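Peer 1: As you go down the protein sequences, you meet chains P and V in turn.
Sequential numbering from 4 applies to the first sequence in the numbering used here.
Sequential numbering from 3 applies to the second sequence in the numbering used here.
FYI, nobody ran anything at the bench for these hints, they're computed from the structure.
On a predicted model such as this, the values are computed, not experimentally measured, just so you know.
Accuracy of the hints is not assured; some may be wrong.
Stated by the list, open to error - Computed footprint of chain V on chain P, listed as stretches where at least three residues anywhere in the stretch have a Cβ under 8 Å from a Cβ of chain V: (1) 8–18; (2) 68–77; (3) 290–300.
Claimed, not checked - Below are the EDC-like pairs computed for lysine to aspartate or glutamate, each with C-alpha atoms no more than 16 Å apart in a straight line: (4) P:Lys184 x P:Glu141; (5) P:Lys359 x P:Asp391; (6) P:Lys68 x V:Glu65; (7) P:Lys182 x P:Glu417; (8) P:Lys321 x P:Glu242; (9) P:Lys68 x V:Asp61; (10) P:Lys68 x V:Glu73; (11) V:Lys58 x P:Glu417; (12) P:Lys130 x P:Asp39; (13) P:Lys68 x V:Glu66; (14) P:Lys182 x P:Glu141; (15) P:Lys68 x V:Glu83; (16) P:Lys176 x P:Asp379.
Note that beta-carbon positions come from the ideal geometry of N, C-alpha and C, so glycine has one too.
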Amino acid sequence: MINLFEVNETNKMITQENLDVRTITLGISLLDCITDDLEQINENIYRKITTVASRLVETGEEIEKEYGIPIVNKRISVTPIALVGGSACRSSEDFVTIARTLDRAAQEVGVNFLGGYSALVSKGMTKADEYLIRSIPEALAQTERVCSSVNVGSTKCGIDMDAVRLLGEVIRKTAELTKEKDSLGCAKLVVFCNAPDDNPFMAGAFHGVTEADAVINVGVSGPGVVKHALTEVRGADFETLCETIKKTAFKVTRVGQLVAQEASARLGIPFGIIDLSLAPTPAIGDSVADILCEIGLEHAGAPGTTAALALLNDQVKKGGVMASSYVGGLSGAFIPVSEDQGMIDAVRAGALSLEKLEAMTCVCSVGLDMIAIPGDTKASTISGIIADEMAIGMVNQKTTAVRVIPVIGKGVGETVEFGGLLGYAPIMPVNSFSCDAFVGRRGRIPAPIHSFRN
Amino acid sequence: MKKTIITVVGKDTVGIIAKVCTYLAENNVNILDISQTIVQGFFNMMMVADATQSPKSGDQIAEELAAVGQEIGVVIRCQHEDIFNMMHRI
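Using the sequences and the hints, build the whole thing.
Peer 2: Take a look at the structure:
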């Protein structure tokens, strides 16, 4: 029988250390909505989402109350729209109508974000892919809840540099069109290498074509819990440090597994995966950077940061894997800047640079995330940053991503406020030497030699 | 049978258990076990209960108990036992 000590431990994690289930994300396939009629496809999409997800929010809230565990977000991911809208959309404007439909559907079912305004172009772009990518700035400016992502590379296919070049321009244009809101549109756009099909976390979530008709994916969190557990073993050796992270990750992930199973049973939708990530929020004590400090760094970014993060990421996975029947998504430690108070402090203190963040992305779960850069950063420079990050993912056979926000009208040292879970960020300097001639080349970077495993 | 775990934490005062038990009796929730300690003047109680015969749903009981707690100045949480089983038992 459960004892008072165990009950108190769990409840302390929830009430004092920010333990929560970060998101229940319902993946919905829109492949059966495809027609070549624009009006019809919009109607099909609206109907499918509002039918399948009608009870998502309500069910999430029921589980939340019954088990006493906060479930912060209920969200939806859909099939990449470039595939769904390919035959109905004959221009970028046509794609924007679908973005508006997705926004309406998201509002109707009460989710705060819907991901999947996406294209998968790791080897090349179809006409539809290109229309969709070019429509992203308008789509993100005209909608509130729609999130967009583009997969431009993979270990198997290499990197589509034409798409990388185009996205530099798209990110700039998105920033311009949403400049009234500090270029917020860019916070809803992720560029990926090796994007997983089952990621529940926004803004990069989409429902891959390898997935079933509908599926429940759950993202857990709990940097505060790990940090607190580590304060108890301050100064101990690496074995103790690693064991503590592992055990804590196990406990955190078990809660996610429970919520996923319950949500799946109550909604009658199969359980997909648990994404066992340490996802920070701007709340004090909910920070991945604080864990790095607890491991022994003055600030995230100090020498030793990459090693500490590698250790943390690995132990989180080792502890979490046994706690869940299926693990997937991005799984690991997230290092967004604006969403993590400890990271913000590190940037302010001058401890953390874009280059160090890039090194950290080699060993963490994703990539350059929620980084505000000066508004006058050139499109080709953004493409260069993307290309670097994609290369790290391609060669290391891991997911990497770029979500940078060129804040129009602001420069280094100024602060930008995105609000809510997206937080706020000091604008970081970018290396201003040119990469125009490199980015200007046509075609793609071939897949690395170790992709030929057949 | 799925059990419910009720925890009460707060400043010790007269009648905390009485209040909680009255609510549970009125709503046909059977108490299976109670353990209680006072740590530095703080009241700390855990109850294991069976709410399967109650006309109310788990989330409704949790909400109403939280309100009872507010009335008497303690924090009452009512949770399905599985959240603890999952975390602490393999």
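Peer 1: Now look at each hint and say whether the structure bears it out.
Peer 2: Hints and how they fare:
Judged by the Cβ-Cβ criterion of 8 Å, the segment 8–18 of chain P is covered by chain V as claimed, because 6 of its residues qualify and three suffice. Evaluation of the coverage hint for the segment 68–77 of chain P: fulfilled, as 5 residues show C-beta separations to chain V shorter than 8 Å, against a requirement of three. Given a C-beta distance limit of less than 8 Å, the hint that chain V covers the segment 290–300 of chain P is violated, as 0 residues qualify and 3 are needed. Restraint check for P:Lys184 and P:Glu141: the C-alpha separation of about 14 Å stays at or below 16 Å, so the hint holds.
Distance check on the hinted pair: P:Lys359 and P:Asp391 sit about 13 Å apart at the alpha-carbon level, within 16 Å; holds. Between P:Lys68 and V:Glu65, the direct Cα distance comes to roughly 7 Å. Compliance with the 16 Å bound is thereby established for this hinted pair. Simply put, P:Lys182 and P:Glu417 have alpha-carbon atoms about 15 Å apart, close enough for the 16 Å limit, and the pair holds. Pair hint P:Lys321 plus P:Glu242 holds up; C-alpha atoms about 14 Å apart against a cutoff of 16 Å.
Between P:Lys68 and V:Asp61 the CA atoms are separated by roughly 5 Å; this keeps the pair inside 16 Å, and the hint holds. Annotation: proposed proximity of P:Lys68 to V:Glu73 is violated, straight-line Cα distance about 19 Å (limit 16 Å). Between V:Lys58 and P:Glu417 the alpha-carbon distance is near 53 Å, which puts this suggested pair outside the 16 Å criterion. For the proposed pair P:Lys130 and P:Asp39, the alpha carbon gap of about 15 Å is at most 16 Å, so the pair holds.
Our distance criterion of 16 Å between C-alpha atoms is met by P:Lys68 and V:Glu66, whose separation comes to about 11 Å. At most 16 Å may separate the alpha-carbon atoms for a hinted pair to count; P:Lys182 and P:Glu141 meet this at roughly 13 Å. A hinted pair counts as satisfied when its Cα atoms are at most 16 Å apart, and P:Lys68 with V:Glu83 qualifies at roughly 13 Å. Between the alpha carbons of P:Lys176 and P:Asp379 the distance comes to roughly 12 Å, so the proposed pair stays at or under 16 Å and holds.
Hints 3, 10 and 11, counting from the list given before, are not met by this structure.
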